[in-house]
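Visitor: If you read the protein sequences in the order shown, they are chains B and S.
First residue of the first sequence: 1, per the numbering used here; consecutive thereafter.
First residue of the second sequence: 1, per the numbering used here; consecutive thereafter.
Keep in mind the hints are simulated off the structure, nothing from the lab.
Check the hints yourself; a few may be wrong.
From the structure, some residues in chain S lie toward chain B, with a derived Cβ separation under 8 Å [as the list claims (entries may be wrong)]: (1) W31; (2) N34; (3) H43; (4) H59; (5) Q60; (6) N63; (7) Q196; (8) N211; (9) V215; (10) G242; (11) G243; (12) L283.
This one's a predicted model, so the numbers in the text were calculated from it and none came from an experiment.
Where is the CB? At the ideal position from N, CA and C, for every residue including glycine.
Letter by letter, the chains look like this.
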Amino acid sequence: MKIKIILYLFISFVSIINLVASEFHVKKTEKNSVKFISDAPIENFEGVTNNIDGYLYYEIELTNNSQLHFEVDLRTLDTGIGLRNRHMRENYLETDEYPMAAFSGKIVKAEKLSENKYKVNVSGEMNIHGVNKKQNIEGIVEFIDDEIKITTNFIVKLTDHKIDVPSLMFMKIDENMDLQLSFNLEKAK
Amino acid sequence: MQFGEKKILSIFAMVLFYSVIINAQENTISWKKNEEVKSEQLHLFHSTHSINLPTTETHQKGNIEFEISHRFIPTLSDGIDALYGFDGPVNIKLSLGYAVSDYFVATIARSNVDDNLLLKAKYQFFQFDNDVFPFQFALEGGAAWNTDPIGRKSDDNRNFQYYGQLIFNSLIKNKIGLGFVPTYSYNSHVYCPEKQYSFTFGTYLQYYLTNLWSVLAEWNPTVSGFRNKYNSLSFGFELETGGHFFKIILSNNTALNPTQFTTGADLPISLKNMRIGFNITRLL
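If we strip away everything but chain S, and leave its shape as in the complex, we get (with noise of 0.2 Å):
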């Protein structure tokens, strides 16, 4: 062997010796980064409900949601003198939802517009996650008791209402929500004497202007079945903080429980005819 060579050997022994010092330590370590993604449950709109309408958002298993909405009659047009509408009468709303899972919530509530009692189920059954259209949909359905309506008895079977809802939601690029609801009611008045549908196609759109404060309006045509005069329309805001989210509205429908509100407005739509109206949920 010739000295350049040894030279050379003894070169390469040292720098393998002295890398191998170095590199050992982070070599040995095993330990790999878990990269795995579970699927999770997508959340499109933040809140249960736009305004009148459902979206396909649920709770947490095993959380309850107060709600108290108040609709009040007086129009914009009746001015100062009703204070725009706050001095009433109004149109009250106390709801209570548990999430019996995290796609299922059992919700019963209270209107004071004929003491309409309620009990109704939504469920989230499919979504598609994915950057451009993520969408989800849900059914909702319930029965209402109308137990105080005016001339019949409260067990009089024309006091019960049905209604099912599909309910589409998508949210794009984490700012614009859009929900499609079509709406079936079945004895959709109560006081007809022959008992009536409505068939109803419910949208809205809700954009997030930031993560706390966004805008939405709601538009819920009748397609077929009674209508009670007018197309519903509701627009207005939305804070959510904490658990909590406070819309306030303008709509010329003050119903709010869906067997009564998805018949449809008193009023043609215009400013003057607006009401103001307020949604308050919180999570308890």
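Isolated chain B, as found in the complex (with noise of 0.2 Å):
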């Protein structure tokens, strides 16, 4: 009899737990668009990719219980020239060892903007170039049909990442590396 009590509560945790949460993965479409922007003294330049994978994890409230984890594909980041494409991948990002770009963390804050619309604050760690970094990012969560809109804009500096600021000739960057996100994601199937 114990047994049963037991497995009854069992299944209907894990019941419960699949009703309150809910899971979007990023939908794969050319729309998303991740830029690295660099201000540089002769040329600003784009690094543009839509090469961006992960997962939003939440139980009823984005607050609650929340997960969620983002990375970019840096093999894929294109300036427009293909010289510099390499030239980021193999001086600087060193891709072939670090192909990935990730962002781990936790929704720390939802402040309601409109019915469907969320400013977030997110909590977590930045991987590039495979140092770990700590940082906060503000961002808008907006909820589309059945659909989920993610715009972010933040700064991360390079150096924070052990990676060396190319400074030679016609290729000064800036140490801060302007990033702008705008992704969507849809229900896990």
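Using the hints, put the two standalone chains together into the complex.
Guide: Have a look at this one:
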């Protein structure tokens, strides 16, 4: 009898977890946009990719038991000039060894802006070039039908991740890289 | 049921319950990392040329490469009076290359030697990617028009030259670049009464000291057909930065466009016969 009760409780608990849990995965679409923007004295440049993957998990509310992980394949960053892509990959980001930039964390605050729109504060760790760095990021989470749109803009300091700042002639860039992300998530199947 | 059994069952239930609570969240996340690795275009040599001979390297579709190269005609043995060659005269090449695709580049170039105007194309057609000996093949071919030859009109059909090259490249341990470039040139000596051909077997080595600095050497012996006195030897160093390549070289050959360079050098190989030159390329 007791075994039956335990099993009942166990099944009920798992069912409740499944009912209250929401998991969204990055929707693979060309509309996703990840931009690495650098100010340089001679010319500014943007590294752009849509190759972002990851998930957002929460239970009932965004801040409740939330988990998120997003990663960008740096090998796909395109600055518009093949040779510059190669220099960026081989000389600075060393993508053979560290192909991904990843952020893992949780939503610590969600402020409702409108019916389906939230300003969120996320706390977690950014991993670029194999180096972890604690980072707090602000972003907008917008529920559109069955999907979520995330937009965010923040600064990554290259030296925090032990990336040499290119400073040779014609290639001097700012050590603060501006990251602009806009991407969609869909309900996990 | 004994009391002991009940106790064990209760402990078991609690452990099970709390382990479920702890692990439930992680277990319910179904996202999986995508480990798919797409095959990519190999990039072996960094530059599209070693010194005079082409590498298999191309550019990203839509990119334009501008080149200006000089070969100073006085030799090192002319000394300080000729500023070791920098006083000139000088052979100059200007070129613009356009990447029609990631694998195909079309280039127009002009050298002031007989006002040689060149149209050429390079196509990268095969690669074998592996950790030990990655390699790549490309074909290059072109037609040159010597628009200002000595002693005859520019539209004389003897002013037109053609060439084809098979390019093999490998990069060992990301440090040592190796290239072989057999070249066939038709009408390789525009001033001979009979049309000449030249078959050369060029080879080059480039050692990448750092990601930016490298040293390189190029040897282009004539296997058969016309040769302009001596085989060509060139060597120097390369600096790459941003979208630029700077090469400072010494060579016994002052020609720049392929139909002129591949026919050989006018001076024998020795340090005193070497001429200073440079190549600068810039992606626009």
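Visitor: For every hint, state whether the structure bears it out.
Guide: Consistency of the hints with the structure:
Taking 8 Å as the C-beta contact cut-off toward chain B, the hint placing W31 of chain S at the interface holds, the least distance being around 4 Å. With a cut of 8 Å, the hint placing N34 of chain S at the interface with chain B holds, because the nearest CB-to-CB distance is about 6 Å. Proximity of H43 of chain S to chain B holds as hinted, the smallest CB-CB distance being about 6 Å (cut-off 8 Å). A least Cβ separation of about 5 Å between H59 of chain S and chain B falls short of the 8 Å threshold, and the interface hint therefore holds.
Hint status for Q60 of chain S relative to chain B: holds, with the closest Cβ pair at about 3 Å, below 8 Å. Hint status for N63 of chain S relative to chain B: holds, with the closest Cβ pair at about 6 Å, below 8 Å. The interface hint given for Q196 of chain S is broken, as the beta carbon of that residue sits about 37 Å from the closest beta carbon of chain B, more than 8 Å. Hint status for N211 of chain S: holds, given a least beta-carbon distance of 4 Å to chain B, under 8 Å.
Among the interface hints, the one on V215 of chain S is violated; its C-beta lies about 18 Å from the nearest C-beta in chain B, farther than the 8 Å criterion. Among the interface hints, the one on G242 of chain S holds; its C-beta lies about 4 Å from the nearest C-beta in chain B, closer than the 8 Å criterion. Hint status for G243 of chain S relative to chain B: holds, with the closest Cβ pair at about 5 Å, below 8 Å. With its C-beta approaching chain B no nearer than about 5 Å, L283 of chain S sits inside the 8 Å limit, and its interface hint holds.
Checked against the numbered hints listed earlier, the structure breaks hints 7 and 9; every other hint is satisfied.
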